[in-house]
Structure formats: structure tokens, C-alpha cells
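Asker: Single-letter residue listing:
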Amino acid sequence: MFHIYCPYCEEYREEEEFHPKGQAHLSRPEDPDDCSDEAWGDYLFFRDNPRGIHHEMWVHAQGCRKFFNITRHTVTYEILETYKMGEQPTITAETNTARPAATASSADDRAATEVKGAQGVQA
Amino acid sequence: MQRYSGFGLVKHALRHHEDWQRQWRNPEPKTQYDAIIIGGGGHGLATAYYLAKEHGITNVAVLEKGWLGGGNTARNTTIVRSNYLWDEAAALYEHSLKLWEGLSQDINYNVMFSQRGVLNLGHTLQDMRDIQRRVNANRLNGVDSEVLDAKGVQEIVPIIDGSKRARYPIMGASWQPRAGVARHDAVAWGFARAADAYGVDLLQNTEVTGFKILDGRVVGVHTNRGDIETRTVGCVTAGNSGVLAGMAGFKLPLESHPLQALVSEPMKPILDTVVMSNAVHGYISQSDKGDLVIGAGIDGYNGYGQRGSYATVEHTLQAIVEMFPIFSRVRMNRQWGGIVDTCPDACPILSKTPVKGLFFNCGWGTGGFKATPGSGHVFAATLAKGEPHPLAAPFSIDRFHSGALIDEHGAAGVAH
Ligand SMILES: Cc1cc2nc3c(=O)[nH]c(=O)nc-3n(C[C@H](O)[C@H](O)[C@H](O)COP(=O)(O)OP(=O)(O)OC[C@H]3O[C@@H](n4cnc5c(N)ncnc54)[C@H](O)[C@@H]3O)c2cc1C
Ligand SMILES: [Zn+2]
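Residue numbers (our numbering), protein chains in the order written: chain B, 1 to 123; chain U, 124 to 539.
Simulated from the structure, these hints should not be mistaken for lab results.
Since this is a predicted model, take the numbers as computed values, not measurements.
Please note that a few of the clues may not be correct.
Only pairs whose alpha carbons sit at most 16 Å apart, straight line, appear in this in silico EDC-like list of lysine to aspartate or glutamate [claimed, not checked]:
| no. | chain 1 | residue 1 | chain 2 | residue 2 |
| --- | --- | --- | --- | --- |
| 1 | U | K479 | U | E352 |
| 2 | B | K21 | B | E56 |
| 3 | U | K374 | B | D42 |
| 4 | B | K66 | B | E10 |
| 5 | U | K274 | U | D284 |
| 6 | U | K335 | U | E352 |
| 7 | U | K374 | B | E38 |
| 8 | U | K374 | B | D48 |
| 9 | B | K66 | B | E17 |
This is chain B alone, in the form it adopts within the complex:
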């Protein structure tokens, strides 16, 4: 169970209030009529799927109903930061070569130890 900090409500709330909405920071081709099948297919169907740090959109569906972004580790599931739409992440795969200790927005220690314990289960 994630404990997610909504940057609009400025509160930690339980995962069930939220919905994941896929990769963040996608930009629609400027002129869809004028783009190649290659570029259009890439935009529609090809997503980053990293084993590691990922930036994704979530919506606070049963709260303020606003979209925002999360930087999260896809193996430990640790949430590294949440930030508003239009903002850029401060933690990326490039900046995060050594994984930082829990940051302000992922201070949910209970969840953090749980996910660390689960790392041993990977095949």
C-alpha cells in the first residue's frame, strides 16, 4: 500500500484515493497531421518502462481530482518525490546513481522498510 503525498492537498493519503495514469512528461506531436507513422506510433504506444527510477502521472481521483507527478523506483516501489503538473523532477536516473535515503516526500518509514524487505523476492 502506497502512502502518497498529494502536492495540491499537501497531505499524505492512502493509495486507494489515487489512480496511476502512466508515463509523465509525454508531449503530443505538434502537428499530428504532419507527422510520420513512426512518430505517431511512438507517441501512442511506446513508453519508458525502466527497471529503476520512473516518472509517472497519478490522479488524486477521490480527493482533489488533480493530476500530478511521482518519481518512483519500480523495483523497491519507493516514492522519491511528488511534484505538480508543469514542474520538472529533481531526482532522475542520472542524478540518482547512489540511491538517496528517504526524502521529505517519501518519509513513510513503514512503507519504505516493507518494500526493502520485499527486494529479496525478485527472481
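On the provided structure of chain B, position chain U with the ligands as indicated by the hints.
Answerer: Only chain U with the ligands this time, still in chain B's reference frame:
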């Protein structure tokens, strides 16, 4: 290889079961193979088996980073069926179902394939219209399939709540009598043993860490046990396929999600078929051991952790209890997750790639167990000839640029 038989069982019993052969060797990697399969799940092992058996290519290695069948193959809820909507998908899954029907004999291993039928329930008028359409499409494709009304469902599963009191009353179902379940780890072990008998090297604890690519063609792989040369690689790594594609320098239209399942304490026989419902979102059968085998939906976020959120499990059990109030006090015994590689059109990718000699078989997502023999069979032909098998051809990566998608969200959906 010793053949397994009833007679053999008696013979070994007389010797107190003390001299059974090992099921497969544990060889050291050679420096070169004619073909390398990455991923020792059911699909990879089946590919190796059919490469040897049907195409005479036996200088083959299967590289598995963990243990054979330790991925999704032995984590699924074992449902096997072929009642998919579109011609291309129905042809592939029906090809597989036909292979299932002779599989235990073919590989001399009891995979406990049990054709106990599958019900896909409808709870709304639109569900029932979709079911009619799919059943008609199935019949045109030679797939056994029937539409049942609520009474028909109740006759097959007397313990299901067929009353109007349910929040989402059952209006009917599609019924595929030839569908069923199989024992998933036996499928991995059976293909492994049969492939090993042809001389295929099964290399466990062998992780591929990169590809050797020369002038756009694959010439080998890097592993934690050294480099191995080969000019044909079949990558069959399910949830990790995106990571492997990244090593080869291209992207796949896949996202990796956790998918969870759970089993109850064992009980006396009470459910002798498979029941699935897209609308209330759950599916259930009873194993030969007696435990209820229950599958959840995917967790919506990307994840490689082989675990999902508890809420997902809770919602699944709500759906099961909605359909089967009689199970409300059954205790659950174990729960786990796999990493499924979901594709935008809910169909797999069996394809050439931008790298010559490197082929991918992935994207089976939440529903590839049923395809294990068929997938291995057509993928082996693809590797042997260097060109896609006719049943595999529509499942090329190109479809995500040409637009020729095969949209199976209706037949795949939550359902597996
Ligand atoms: C909970 C759950 C329920 C399911 N229920 C059903 C169902 O009822 N019916 C159905 O048809 N399907 C179902 N599925 C889907 C089905 O399990 C999969 O589609 C199928 O098993 C995939 O088989 P595979 O051999 O391709 O993958 P896997 O069995 O996952 O094998 C891939 C292998 O690749 C290995 N690997 C990964 N990276 C590397 C590397 N770098 N080097 C070497 N090896 C590597 C992994 O360790 C793994 O063993 C379910 C899946 C899950 C998780
Ligand atoms: Zn909010």
C-alpha cells in the same frame, strides 16, 4: 532418458523410489551455440524443445537468470482457453490448445491438463452482446464456444449466486468446454526435460547482461558466466523484455506491471470448472490439491518488484465473494505476484527486431500461459527459418506503426 510410465512407477516403487534419474543435466556453458533462448520460462523452454524436435537444431542453450519456471510460468492461475475474438488471435490460441490436447503424451510428462471448461460471465446487457459476438466469431473460427443464459450457468455451477439479489446479477456466460487448467510447474519441467533429452543445455543462474552486435547483427551475448557466441537469439523474458530490448538498443511498446494471485486452504472438491468475470473482476478454479486458485487484476502502476498492493487483492476477494457467497469464510493460504508485460492491444509480440538474428517473443501480459506450447512451436519455426511463422506474422512489432492492431481487450481484459 528414462521414459515415464505406469509400469515404471510400479518398478520404482519396488526399489523404494531410490534410483530415479535426474530430470535434466546441469551443464557448463559452451562457448558457442547455433541458437540461444533467453528466459527459462514455459515459452522459452517450449521454443527450445520444438527447435530440437521439429527443426533438428539441438546445439541450443536456454539461459535463465534464476531457476526454470521461476517467472510468470509458475505464478499464474493456469487457465487455458482459446475463445479470443479476432481471427489472428483465435488461430494462435487454438493452435496452442490443440497442442495442449496431446502434450502429456508428446513430452512424456503429465502436465495434468484438465479440460474442465471455462465460463466467462456476463453481468450486463452489453456484456451479453459482446459474448454473443465473440461466441459467433469463435464458431466461425472452429473454436468450440456456446452462449449460456443464467439458468445454464447455474446448472454448471450450482454454488454460484445466480439470484437477482446480487449487486451485479449474472445474466449468462460464454462457455468453452475444451478449455481448462494445467499444472504450471509441470509444464516448465516437462518441456525442460524433453528439451534436455535432445541435447539442449539448460543453464540456470545465467543472466544475460548484454548483446554483442556487429554491423546490425547479433553475434553473441554477455552473461554473468562469460560471453557466448551465437547468431540466433530468441528473447523470451516476459516482464523483463523491455530491459533486454534496451540492452540491444531499441524500445518495445510494453509496460511491466505486477499481477497477483492467491490460493486458499485446501478443501474438498466443490468447483469443477473455471469461472471468470470481467465485470466484477475476478477468476477462480479449484486445483487438484483442493485449494481455490484466485487471480487478481494488474496493479495499474509499473513495477518489477513481483509484488503488488494489498487493495488489489482485497478487491479481487470482494468479487469472488460476490459471485460465491459460500466462500466468504474460506481462509487464504498464500499470495504472490509476477511481472507481466502488457501490450497496448492485449496481444503478444512475436517478431523480428531492428537487430538481425535477434527475435523477441513477449507481450503475453496477463494471459500467456495458455499459449505456452503454441507460442514455443511458432517461435521455434520463426527462429529456424529466420522468417515469421504464418501464425506469428500478424504479431510483429511493426503493427504499432502500421496501425494493424489486434485489439483483444474484450477477450483478454482482466480475464486470462
Ligand atoms: C498472477 C498471474 C496469473 C496469471 N494467470 C494466467 C492464466 O490464468 N492463464 C494464462 O494463460 N496466463 C496467465 N498469466 C500469464 C502467464 O503466466 C504468462 O503470460 C506466461 O507464463 C509467460 O511465460 P514466459 O515463459 O514468457 O515468461 P516467464 O515464465 O516469466 O519466463 C521469463 C524468464 O526470463 C527470465 N529472465 C528475465 N531476464 C533475464 C535475463 N536478463 N537473463 C536470463 N533470464 C532472464 C526470468 O527469470 C524468467 O524465468 C498469469 C500471470 C500472472 C503473474
Ligand atoms: Zn489532492
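Asker: Hints first: check each against the structure and report whether it holds.
Answerer: Checked hints:
no. : hint             : verdict
1   : U:K479 to U:E352 : 14 Å, holds
2   : B:K21 to B:E56   : 7 Å, holds
3   : U:K374 to B:D42  : 9 Å, holds
4   : B:K66 to B:E10   : 12 Å, holds
5   : U:K274 to U:D284 : 11 Å, holds
6   : U:K335 to U:E352 : 8 Å, holds
7   : U:K374 to B:E38  : 13 Å, holds
8   : U:K374 to B:D48  : 8 Å, holds
9   : B:K66 to B:E17   : 12 Å, holds
Checked against the numbered hints above, the structure breaks none of them.
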